Amino acid sequence: MIQAFQKKAVIVRAERFAADIVRFTFHAPDIARVARPGQFVMVLSGPGSDPLLRRPFSIHRLSGDGNLSILFKVLGKGTRRLALLGEGDELDLVGPLGRGFRFEGVGPACLVGGGMGIAPMHFLLAEMLREKAASAPRVLLGARIAAELDFLAAEMEALGVQVTVATDDGSLGHHGTVVDLMHRLEEKKPWTVFTCGPHPMMRAVVGYCGRAGWRCQVSLETMMACGLAACLGCAVSRPEGGYLHVCKDGPVFAAEEVAWL
Amino acid sequence: MAVTKPDLQVHIGSLALKNPVLTASGTFGYGEEFAPFVDLARLGGIVVKGISLAPRPGNPPPRVVETACGMLNAIGLENVGVERFIAEKLPFLRTLATPVVVNILGDSLDDYRQLAEQLAGIDGVAALEVNISCPNVKKGGVAFGTVPEMARAVTAAVKQVASQPVIVKLSPNVTDITEIARAVEDGGADAVSLINTLLGMAIDARSRRPRLANVVGGLSGPAVKPVALRMVWQTARAVSIPVVGIGGIATAEDAAEFLLAGATAIQVGTANFVNPAATTDIVAGLERYCREQNVSSVREVIGGLRV
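Quick mapping for you: the protein sequence lines, in order, are chains A and B.
Be aware that the first sequence starts at 1, since it is given in my numbering, and climbs by one per residue.
Be aware that the second sequence starts at 1001, since it is given in my numbering, and climbs by one per residue.
Chain A on its own, in the form it takes in the complex (with noise of 0.2 Å):
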């Protein structure tokens, strides 16, 4: 039986940053004792309805005592309502859930994170560093423009790592995407690459560590009614036929594990 909860959690740090972007910190110290990075929580919006489903987070960081955070950009019903909710709100919470990044004994490792998809990268790179998994991991960083990820590369270079940052418009670091910015890792090094984001980044990503010779693990997402393997509805192909379910096979998987169309 996995080790996960179903917890009313208290709010307790409400933070709007700009384009659209908020991070909840919620009070949930059962959860947060047993997470790992790259896992997730099902987050119910509220109460009634319309929106009906629990939307999937990564866990984007754990502080203090029992805390969790999740980041998440407004978008679309449920992330809409989230957003109206303030400190003090509380919210039912179910997780963690799901399989996430495997990093122990990793040699070099590089965590590319792109538009929100940057969210479980702080959570992975505080534990890679806590337990002394990889030295000195290298952060790339991309968005469409710099008030997606500023803060996020401040806090985790706060953490005493080399971060990259790449922008599609250019307000911040390189003019570009963050696959660019992969070109600046030594070729010779037997790199594990970390990655989260939209699909085509991440597709790319994947393409880049083929080349290389890399390994490289993704954290995808989908469509999920349950994040509990009783749907079924996350499903995934893999490059062998049949498929693959995101809520309990993943979300983190290893490259080579799904198909790339």
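Everything labelled a hint here was simulated from the structure, so no lab data went into it.
A hint or two may mislead.
[Said to hold, decoys possible] Which stretches of chain A does chain B cover? Using the computed rule of at least three CB atoms under 8 Å from a CB of chain B, they are:
#1 45-56
#2 213-226
#3 236-250
The structure displayed is predicted, hence computed values, not measured ones.
For every residue, glycine included, the Cβ atom is placed at its ideal position computed from N, Cα and C.
With chain A held as given, fit chain B onto it using these hints.
Same frame as chain A, but now just chain B:
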């Protein structure tokens, strides 16, 4: 005044349930998935994910999409097949003090007969639920659930070999559901359960593409409840076997409405995704409802609609 616990026990044919709350097939996995969140021993029954003779991979993604007050799914009956179900899933279910109902599905009369044969006498299988109504598979499924003679034939074929009570799950995607219900009663069914999902679709206007790879899928959730209640009420008046109500049940009040409409038991489906503890919340809520209504047994509620 002494507070006595209301009696929640009901019977589906020879199957005794400690309360009328079951899980709906396809929304509760094989039970184990919900063990971290639900005291499975408190459920009236667990209806497991539909099982076919051979494992099925299911449909290509996307398979689910949220709609107003509901969701559409086209999972495509992905399941591990009957052999692996018995070997890998049933041992855990057997440890529970809760009856397990195995939902079976096939593409031919012979598939259904073989499934019932393989499950006959198997320890831990309390009843069968025959899925003749899933709208997602191109051959078989739909025809059995929409043509009365076919529904009768498949029921009779299963009854001939089954050792457990047989519940037949009906599709709402028919002109007159009572006609199908009467046909399966005629075929020997011990009970009917309804409704399965309503066939629907969703379109992304910008990309001009369907939101499900399968184009069409089954609608479930609170959006379907009024349709389900109406069909349960009509069916309960048309047949003399027990009716198990399904469709958008998320609270004890929803459950009570189905009992009032004539259902002997109910199944909780999509609500499990929203609230993993929905089933046991409903059990507790039904006890409160019985107290409020001043009845000593939930059986006094069944069919109690005042028209």
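Consistency of the hints with the structure:
| no. | hint | result |
| --- | --- | --- |
| 1 | 45-56 | holds (count 6) |
| 2 | 213-226 | holds (count 5) |
| 3 | 236-250 | holds (count 5) |
Comparing the model with each numbered hint stated earlier shows that all of them hold.
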